[in-house]
Structures are given as structure tokens and as C-alpha cells.
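> This is what each chain is made of:
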Amino acid sequence: MSKIGVFVCHCGENISATVDCARVAETAGNYDGVAFSVDYKYMCSDPGQNLIKNAIKEQGLTGVVVASCSPRMHEPTFRKACAEAGLNPFMCEMANLREHCSWVHEKGEATTEKAIDLVRILVEKVKYNHSLNEIKVPVTKTALVIGGGIAGIQASLDIANTGHKVILIEKDPSIGGHMSQLSETFPTLDCSQCILTPRMVEVAQHPNITLYTYAELESLEGFIGNFKAKIRRKSKSIDEKLCTGCGLCTTKCPVKKIPSEFNEGLGKRTAIYVPFPQAVPNKPVIDRANCTYYIKGKCKVCEIVCPTGAIRFDQEDQIMEVEIGAIVIATGFTVKQPDFFPEYGYGKFPDVITGLQFERLASASGPTLGEIRRPSDGKIPEKIVFLACAGSRDPAKGIPYCSKICCMYIAKHAMLYQHKVHGGKSYVFYMDIRAGGKQYEEFVRRAIEDDGVNYVRGRVSRIYEKNGKLIVAGVDTLLNAMPVEIDADMVVLATAGVANEGAEELAQKLHVSYDPYKFFAEAHPKLKPVETNTAGIFLAGACQAPRDIPESVAMASGAAVKVAALFSKDELTREPIIAVVNRQAPPVYSSCVGCFLCVSACPYQAIEKEEIKNRNGEVIKSIAKVNPGLCQGCGTCVAFCRTKSIDIQGYTNEQMYTEVMALLNEY
Amino acid sequence: MTLGFYPGCSLKGSSREYAESVLALAKAFDINLEEINDWNCCGATAAHNMNKELSLALPTRILSLAEKQGLKEIVVPCAACYSRLTVTKHELAEDSALCSAVTESNGLEYTGSVSVLNVVQFLDKYITPNLEGKVVKPFDHKVACYYGCLLVRPHEILKFDREEDPQSLDTLMLKSGATPIDWAFKTECCGAGLSVSRTSSVGRLSGKIIGDAKDRGAETVIVACPMCHSNLDMRRDAINSYLGEKIDIPVLYITQAIGLAIGLDRKELGLQRHFVKVTV
Ligand SMILES: Cc1cc2nc3c(=O)[nH]c(=O)nc-3n(C[C@H](O)[C@H](O)[C@H](O)COP(=O)(O)OP(=O)(O)OC[C@H]3O[C@@H](n4cnc5c(N)ncnc54)[C@H](O)[C@@H]3O)c2cc1C
Ligand code: SF4
Ligand code: SF4
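Heads up: the protein sequence lines correspond to chains V and Y, in order. To convert, note that position 366 of the first sequence is 1284 in the numbering used here; the numbers rise steadily by one, no gaps. To convert, note that position 192 of the second sequence is 182 in the numbering used here; the numbers rise steadily by one, no gaps.
Honestly, the hints are just simulated from the structure, not real lab data. Take every hint as true, because none was put in to throw you off.
Sample of chain V residues at the chain Y side, in silico, Cβ under 7 Å:
{"id": "1", "residue": "P1260"}
{"id": "2", "residue": "E1261"}
{"id": "3", "residue": "Y1382"}
Quick caveat: nothing in here was measured; it's all calculated off a predicted structure. Even glycine gets a Cβ: it sits at the ideal position worked out from N, Cα and C.
Start from the sequences and build out the full structure, keeping to the hints where you can.
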């Protein structure tokens, strides 16, 4: 005979304001098999837990139903309390009176009746619970970091410094990400390369980090602690072991007019190229789409000049399989292409450029060696206009959210311009100045007050060319919506920060969720900002939302700690909520008839065939067997099984039917 | 073939030449434009600034009458009328309660079955496919196509052309042998109704339009709206005094320009009615 305890929680007023908790407890107390029933203000508090523990000990309870909040919140708390009192933790069930009842209904008779029903079905269910034990799985203590921007770099270094192995993959020929393109960084104006390159070198030299550039994730299988990843190492067309990075090939390559991605199209590169001087690794790749040899079958100049014979035209992509225990996604962001604003004339007027292009102009390693010169004729612009929110905060045509970084980098750009072009005039058109952050507001004030940048609060409706000037037509909303026109020499658009192209596919490969803007979704907006909904996969940097460098780095260190915590144990425990194929005494062995429909149904390839042999080693029967390491407890196989031979532990067919019957008052 | 025709007030008054050229063009292509019987004012700017239901009831009555007359498509050359009719159709389709209230007050059946075509859509659908071969005097001029505020806005409702850098008039003019120029004032406001109450503002706003067209070498400005036409043409004195120079670039309705290209008579196209002499 079961001896079940029912513990009804008020959750302060969260439940008791709409549900008559005393009546729920009293009614439950009258059910068959219920030995103890009580209501209490905070069941999760120490006294509340003690109430449960004492009842288990004193009444010799065989099952517990806690009627409180969602099991997502407190299931571990109550299971642990049961375990401490000597009851198997899986003999504890939770009825969700809060999210499923009190929060969604008005106070009233029917609400209390529903609460009673929720308790009742779990009382019946728990009668069929069995003691279960957690499953132990080993942990592969190697992390995969995807994306080698500042976030990926920081996460890799932090994990590697805890003594664990890291595999870092970067799709481009060099690590560094957007930060490597930046000139100086807000709010301190320190040179981006100067603070970044030491980290890049550290990654390359760290004994615990294996770096694969020009590499992307092909596919992923497995689960926390036990992932298997396939990585595509795109062909660089060189033998990296032989290449010394002398750079001779890049100086001799005849294809010299390819717009450089690193310089945002403002400079040119060759077909065999190293994206920038401080690249890590500092070895070239051949861009096959633009290489004369791959297009026309002739050239091979690089092969001729290479002193070490490192060029490999026939090199193919390599698919590599690695085992890893955790993943950090750090694939960053991109900026929206500004062509969707025909009224701003990007693409039509060469001197309308993006913020990233301005970074390259202001950067000592850029096409103008750090001088602000306009692309059309190389002149130094005497008047420059910066447009904030180009696409941001624009639900009609762009994106509804604030890109967050632009207000700050615009202030930086205007400041850099004023420092470099003495006597120049700069204007910023903005909607609001969003400068929340340590020393950020002060930074913007410095731009306005010390450097004399003219901030105009209003939007720009059109940019057009007239007499060699770019006429920026806008409005000043602080001057009673007065139209303003500025005849500028150059215009910089702060284009919205958006998710990478292909972020969706990557999310699908990784089985993590993404938000409506295709940024990767965190597991909880406040309490789990670096976790994804998939255990063992973490987020760092601007792949989750537009983020500046300090935030990206903080997130990366946070993700690294999560990985280190995971790797601090040799084994992981998993809930035993997995499928099992029933086994019986000979001569039946199992009701499974070996049709193996379940094998094809299982989305996790967790079902294998097992041969049952007699003492002489002859096969008597072939039946299905679930690999507890792979099974995710989704239940698909249960639905497929014709002979009802598979059950999910903790959610057996018997338990489910019992719940339904209880709800129909058949007990 | 017969299509419905809603002239609206302007085409019966200050911009008779627009009506004349639309009808002449239709005739040249064997299209019968049948005027909606007993039509009323679309409400223009006044109605929707004062009373929403009235501003919807007026266009709805026009659409109901067109339905009653058995018309499937109606051509609405005035950009403002076109906007009012299209916005009304959209609002009634979105809100059935509003739709019943409005139709009830009109006392006429309304099903929303009539399609509304602006002049560009009309030309695109019925004239340009048969234009080739008919062009006897290519309109070989540099033209600045001016769309004004209403022809392509609001995009969510009209779903026609690009709102910030429209191309449809340019494409039509290209087919008639013209060279459309790229310029900055395609959709800037001409001053609209301030024409009467603050003519000097129209001088300034329309002045920028005409000034830019001239600076970029346009020989003609092409329009598809009676209001735009009257501001750019009739208010040329105000424009010239704002600009401090005398600009005599003529302003043609697109239908007049195409009419000239296919060799229609200048009088039939109403060119003599313009304030700025049409020299092209
Ligand atoms: C114009 C401009 C100016 C800025 N100025 C400043 C500033 O002054 N101060 C500041 O704090 N912040 C600034 N920022 C913000 C800064 O650039 C970001 O905070 C930072 O780059 C985010 O780093 P990240 O590593 O998350 O992403 P990223 O820098 O975008 O790096 C992501 C990396 O992942 C790689 N990757 C992407 N997809 C894949 C894939 N599928 N597989 C493998 N690798 C992949 C990319 O190639 C890239 O190397 C600025 C941004 C812009 C646009
Ligand atoms: S020439 Fe050869 S060794 Fe030198 S950078 Fe090119 S591939 Fe490497
Ligand atoms: S950060 Fe500033 S400029 Fe960028 S989207 Fe937000 S408000 Fe606009």
C-alpha cells in the first residue's frame, strides 16, 4: 500500500491569492494512499523542506507530491530533500499550481477545483513511480570554440588557462574578428590592434589551444560532455608546414585588384593573400574564386616564386572529426548592408561610407595609413556628417532594436576626425544618445564639449550630390523641427548591427535556438545569459546581440567558467528519463519482436540491435536496445512501438494512463 | 476594351489637359475609358483631416458606383485621388465593422471588387506593352521624373514601386525614347495645398525641385499628379523669384510626353494650357 505525502505550497501569495490551498491539502488528504497532507507558505524554504523530510521519516512515506511551482524551478530542491530523508528522489513529483493554475486564472471555486485535479493526477501517478538512479556519463574535457573574434579568443584563452584543451575554429584566414579592423576603441581610445594582437599571438602559442583557421563546423552529434563534431578545413592551397610566411607570393601575384574584405573594400588585395599584416596565422590562402589559375588554368606565379615549394593547387577540403565535451559559440555579428537606403545614396556616392569603412580610414594599418581621406579623390574632408541609427530603431524599413554600439563608435569617429583634421567640422545626426556604460557618457560629452562635435538631434531624409558636395538634408527636432542642410564632403552611416548570414543554419546544426533577429538565444535573459537551451553549449560576444568589446569579453570569460565547471568533474549525471526496452524472464526475454521501427524513428540514433543468445552462444532473438548515453528521452520510439515494448522511465504508458484516468475521475 | 475612369475634381478644372491627354492616349490604343456616373469628390486632404468616417465614405461611394456600373478596374490619374481610394479600400478590408458603418451611411452596396489603377499602373499594363512600333517621334530629351509625395506612399498600402527612390516613371519614359536623369528631388514635397495659402513656401519647396532638375540638365520635368503640376508650372513665377533666375523648363504629364512620342496632336494633349510654354 502506498503512503503518499502531499505538500501544498502558497508561494507567498502567488498561489494562495487565487487557490484555496488549505482546501487542496484537505481534499488530497482524503485520497486513497495519501498518508499525510499539509499546506505551507513557502515549501522551498528550509522549514518547508524540513516539513517534507520529517514527514518522510515519521510517516514512512513511499511517495511525495509537492504542489507548488514549475518543476523547472524547484524540482532539484525537492528531490534533494527527499533523497536526504532516504526516499529515492524520483519518488517525488511536482504539481504545478502556480504557472499552470494560479497565475493564469482568477480567484474562484473553479481555480481551486483545477488545483485539486492537478494534485490528484500526480497522487495517482506517483503510485506507479519506481526508484530510479541517475545515469553517469563520462566527460570529454576538450572544448570547441567557434569563431575567433575577441569573444572566441578570450573564451579559448580562459578555458585553456584552466588546463583544458581547446579547439578554436575560425572561418576566415585569420583570427581577430571585427576588433582587428577597428582603429581606436571607446571609451579609452586605445589602439585596437595593440590590445588585440598580443591575445591573438597567445592563442597561436598556447599549448592547450589548437587553432584551425579557414575552418567551419560541418555537423554536430551527441550531447553535453560527449559531442562529436565534424570540422571542414577549407583548402588554403598551401602546405602550412612548409610555408614560412615570407610573403613573396603575395607580392608577385598578378591579380591585385580584389577589394579587400579587411579594408571593407577601400583597399585591394591579391588572390593569394594574408588579410592583414598582423594576421594569425601569418600565412597566405588562395582565394580560388579570384585566382587566375583556378579560373583559366594558367599562372602559378606563386608556385614559381615560393622558396619552399609550399603552394598546393590540388589541395582539397579536409573533414576532421573531433570529440569534445562543450562548445562556445562566438561567431559575432555583421553590419547591415546600407544599400537598402536608396535615399542615402550608399553605393552611388563613393564618399558615403559605413562606420567600419571609417575605422579602416582612421586606422594606421588602413588604406590611407590613418589619414582621413575620402574615397573618391583622396581629399581630406573639411566637413563630415555621421548618421546614427542607419537602419536601427526603424521598424518600418530596418530593424526595430537599438544596435547599441553605434552611439559610442560615432562619438569616437567624430573625435578621431577632430583630432586628425584640425579645423574640420563634424556633425552627428542622432535620435537619442545611448551612452550607458562605465565612462561612456563622459566620453560622448568629451566629443561634444572638448572636441566641438556638433550633435544635431534629428533624422536625415536624403543625401544628394550638388556641386561636388554631399547635401545632407535633415531636421533639427530641438529647433522646432527646423529643416537643416549640411553640405558635407563625406558622410558616415552607422549601419545596424545584425546577425551573421547563415546564423540560422549554424543554430540548426548545433540544435540551439535563435531569436526573431537570428541572434543566438540565451537560456534565460537575466539568469542564464551565456547558456543556450542546449546543455553544454554556451554563448559569447556579439553572436547573441550587438555587444561592445568589454561586454563580449565579459561574456566570454563567463562562458569559459561554465565550461571549466563542466570539465571539473570526470563524470556527469543525467536524469534517468530515458527509454528502456522491457526485459522478461526466458523464454520470452522481451515483448520486442525485433521489427526495429524504433531504430529508424529515433532522432538521436540511440537505439541499437541486441542479440539474445542461449548458453551455447546461439542467437535466440534480436531485440532493440537503448543506449542510455545517447537517449534524450524524447519518447518518439514509444509512439512507434507496435508491441508497447518501450517505455520512458518516469513517464511510462501505465503512469500516463493513470493520470488521464485520474483526471476523468475514474479512480 | 473598357476600363472605368475617375477624373476627380482637378481633372475637370485646373488640370483639364491631364484628362485630355489620358483620354487621347487611351483612344489611340483603343481603350474606352468610361467615366463613373454621378461621381463625387474623393474628400482630398480636407476630409481626412476632419472626419475619418467621412473621409472613407466619400471614396467608398465612388467605388460602389463603379461596382454598380459593372466596372472591374478604374483608372485614377490624380495621385491624391488614387491615394484616397486605395487607402480606403485597404482600411475597409482590414476592419469589417468600419466597412459596414461606412457602406451603411452611403446606402450603396460595396464589395471591394474594383481595382484602382494609378496612371503609371495603367500605362504599364495597357499602353507600354503595345508601345513599340507606335513611337513615331521618340521623346528624345533629358527628363527629370518627379513622383511627389503621394504616388508611391505609403508603401505598406500601395505596394507599388520603391518609396525612396522610385523608378516606374523613369522606366516608362525610357521606353518612350527619353533619357531620365538621376536626381535628388523625386519624392520631395512640392508644397501641395500651400499653393493658395502660402505661395511663397511653394516657391521655396518647388524651387528646389525645379532648381535641381535644371542643374542636372533636365529639359522637361515629368509628373503624374495635378497638384504637383500646378505648383511646378502655375507657380513658376514664385519659383523663379525664390531662385532669383528665370527657369523655363516645361512640366509635362507623363501622358502628354508619351502622347507626343506616338505623334498625337499637341492640342489634343492640351499642351497649350500650360503656364510655362511647352517648347519640347
Ligand atoms: C564600426 C564599428 C566600430 C566599433 N568600435 C568599437 C569600439 O571602439 N569599442 C568597443 O568596445 N567595441 C566596438 N565595436 C564593437 C566590436 O566590434 C564588437 O564588440 C566585437 O567585434 C565583438 O566581438 P565578437 O568576437 O563577439 O564578434 P566578431 O568580432 O564579429 O568576431 C566573430 C568571429 O567569428 C568568425 N565567424 C563567424 N561565423 C563563423 C562560423 N560559422 N564559423 C567559424 N567562424 C565564424 C568571424 O569570421 C569572426 O572572426 C565596434 C563595432 C563596429 C561595427
Ligand atoms: S611564398 Fe610560400 S612560404 Fe612564402 S608566404 Fe607564400 S606560400 Fe608561404
Ligand atoms: S546605439 Fe545609438 S546609433 Fe546605434 S542604434 Fe542604438 S541609438 Fe542608434
